[in-house]
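Protein chains in written order, with the working numbering: chain A, 1 to 324; chain B, 325 to 583; chain C, 584 to 844.
In short, the hints are calculated from the structure, not lab data.
Computed from a predicted model, the values in this text were never measured in an experiment.
Mixed in with the good hints there might be a few duds.
[As the list claims (entries may be wrong)] Heads up, simulated DSS-like pairs for lysine-lysine below, C-alpha to C-alpha not over 25 Å straight-line:
| id | chain 1 | residue 1 | chain 2 | residue 2 |
| --- | --- | --- | --- | --- |
| 1 | A | LYS77 | C | LYS834 |
| 2 | A | LYS124 | C | LYS600 |
| 3 | C | LYS609 | A | LYS87 |
| 4 | A | LYS129 | C | LYS589 |
| 5 | C | LYS589 | A | LYS221 |
| 6 | B | LYS372 | A | LYS149 |
| 7 | C | LYS834 | A | LYS83 |
| 8 | C | LYS600 | A | LYS152 |
| 9 | C | LYS837 | A | LYS24 |
| 10 | C | LYS837 | A | LYS223 |
| 11 | B | LYS487 | A | LYS152 |
| 12 | A | LYS223 | A | LYS316 |
| 13 | C | LYS600 | A | LYS83 |
| 14 | A | LYS87 | C | LYS589 |
| 15 | C | LYS837 | A | LYS88 |
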Amino acid sequence: MGVIVVKNLRREYETSLGVVKRDKKIVHAVNDISFEVEKGEIFGLLGPNGAGKTSTIKILTTLLAPTSGEATVLGHKCFGEEKELRKKINFIFGSERSLYWRLSAYDNLSYFCDLYHVPEKMKKDRIEKLLEMVGLEDRAHYRVETFSKGMKQRLQIARGLVNDPEVLFLDEPTIGLDPMGAKTLRKIIKQLAEQGRTILLTTHYMLEADELCDRIAIINKGKLFALNTSEKLKDNMDSSMIEVDLHTLREDTVSRLKGIENITDVKVVTDDLGHRLKIECRNPRQIMSLVNEQLYDNKVKSINMREATLEDVYLKIIGGEQSA
Amino acid sequence: MKRFFRMSSFSFKALLGWLDPKLYVIYKIVDPALQMIFYTLMVQFVYKAQDITPWILGNAILLCTKNAVFAVGVMLRSDRDQGTLQMIVASPVNKLLVFLSRVFFNVIDSAFTVVIGLVVGVLFFGLDFTGTNMLAFALAIAVAMIGGTGIGLVLGSIALVVKEIHFFLNVANMVLYILTGASFSREKLPSLVYPVTSLIPITRSIDASRIIVAHGDLASAMGLLGMDLLIGIVYALIGFALYQYFEYKARVLATLEAY
Amino acid sequence: MLSDVKVVLASCRLQMKQSFSRSMFKFCILAYPILAAITFYLIYAGQNDQTLISYVFLGTAITSMWSSISFSSAGDIDRERFMGALEVIFCSPTRFRMIMFGKVIGNTLLGIASMFISFLMVTLLFQVPFTLTHPLLFIVSMFVGIISFIFIAMLLSGLLAISRNTRVLMNCIDYPVFILCGTVFPIEVLPEWVRPLSYLLSPTYVLELARMSINGITDIRLFYYHMLGLGIVTILYLLAYLKFYEIIDVKARKEATLEVI
């Protein structure tokens, strides 16, 4: 049984258009999504704006009621059993919101400690540790409105940890941060997972998802399109490429290469410098040795491998869906 | 001229874009009507047997100040906050025209509010217009609106540089209520403050409207209106000058966004 | 239970700290009582001292108290919604109504400050001697009144939490109350068919009780009847508020009204 279980989840919104005559329109923000997240896992939700990521997170964090389907976290229903659940989870929206700007960093954390019933004797210690973790210990007593964007976002992380949550939800945690800030944040997220926390995050940055997430779900228009580890998602792509530059090329090499499983096509480009083989394939790492074997009596100048990236996967899924 | 109206309606739309019709009714009709009822009931209770017509008129006309002060102030300010101020500053158009066009609809809007106040007066408090020279009365309202807008422009321009805008505009609104003597005779004000009231537009328009409804001397009413019109225009020009000054200062100090 | 008390205190403290740095709140607490006292005084000028206290002082005190409570209860919800804090506090294991309760108490304490300002204005600036026929009953009335105000503010805050038009409603809620409760004139001025509405609002009773203790009580039973009425409406507010927050908890999540759209 996963820590987070989502089964056939749906959420509809009713929106009205027009000023005088209000036309009602139903929007399916989440349309029959199912997945499970295991303990200690970092689980990524990818998808374009309006795909249903935030709605899903809001349902899981007890902020939104599902229209139908099941959503449980740590065995508690997200709608109906929120009393038990809210103590054990927390969420962080990657923006400067959700803080009291006119209060100091310390006051913010202190207030949220109270809301989460953190015992008085643990409070001070915990706040100091959290501030240290996010590198704000020397700004503890400054007002939040004087903070830079990155500092506010780090304070948000600290806020999200006041109750030492077992499950943490992060909605675009690094949005708008500079590369250094984003890197620090990713480091913190990894540390949190190492401590055994389960993390569900959404992001628009593919490299970030690739680096952080154990498994990735790609959703679009409220539906789940792919769910796997980053590696497996890439394996299924046939856009990987091995390029081989040769001085000489034996006649049967190309046909033998084509015989290797997972190779979809081999093209030869010949010019006065020699030959270039463009081998389109899946899973280039696995077949590399096989390719090498077939090249043994050619004079090889260089071999380059370009693996499919998560971005290729994403664009293929989302792009395919959108042009369809 | 066409552009003038287009710009006017744009800025008006931008101001009220967030309101749906139901809320517009609450904001522009119900709330002014209630303010009117509140003060008139109080005056009715305090002045008992006296004819309260002057105070009904004063309160109705003063409804426009709330409109003018807040609408103009908030409009100029939101230009600044949303960054559209920079675009206007950078554009080659005649700034005075832009400036006036932006408040034009507010004038009409304010006049509408005053009419609501008068309707409340007629319906609930026996305000009587029989035999009133309606043309002269309409003129009094129009002059009061110009005065209200003029003072709105001055306050709005100041609001551009004031940090606590809501504090400032609310205080200004209440001070205006006191200085124009809508609900009590201005003679009750301390002798030090009394002269100030004659520097405020609207005051004379209210006096003129009282004379007109009481079938008094039309010539003296017109004199008051002429004077008020002049003051109103002076205020509008001061408002524009302030606006330009702050704009210039902002460019020199390179703080257009944050003034 | 103990942790709830802590949350209420923490929210109350937070509220007061935040409010002090807010321009609109400064208006409600400082400028409004001063300017309103001047306005009402100028209208009432020439009346006897008891009338001045009954209407100028009480009128200013109750209207400024009401403005600061209603304005901040509403304004805070709007602001917290905008800042995204509404979601965060909603999602904490503390019951939402406890958090709001703390905030309202914070606002009320600040509102009491504005009552003192109106008191100072009337006694010092206008030199009206503050004579009360029944000082003790006056204090009791005001105290019970303030408690009742807290509950009416809670009810309001709930109503505004689920409305997206908070800001507009907030601006339009003052005058109806000022008129119906007879803040600056007795409710006998109102048409008879309106008066039952007045008696649904607790400030009406508070004002009548206070005015009785200022001007002298001719019939002590009338005083007790009003006290009883005040108690009943306050209990009604309390019940409605508890029920209301239960509804909010579900409605806000079903209709997604906690976020800014």
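Violating hint indices (sorted, rising): 3, 5, 6 and 13
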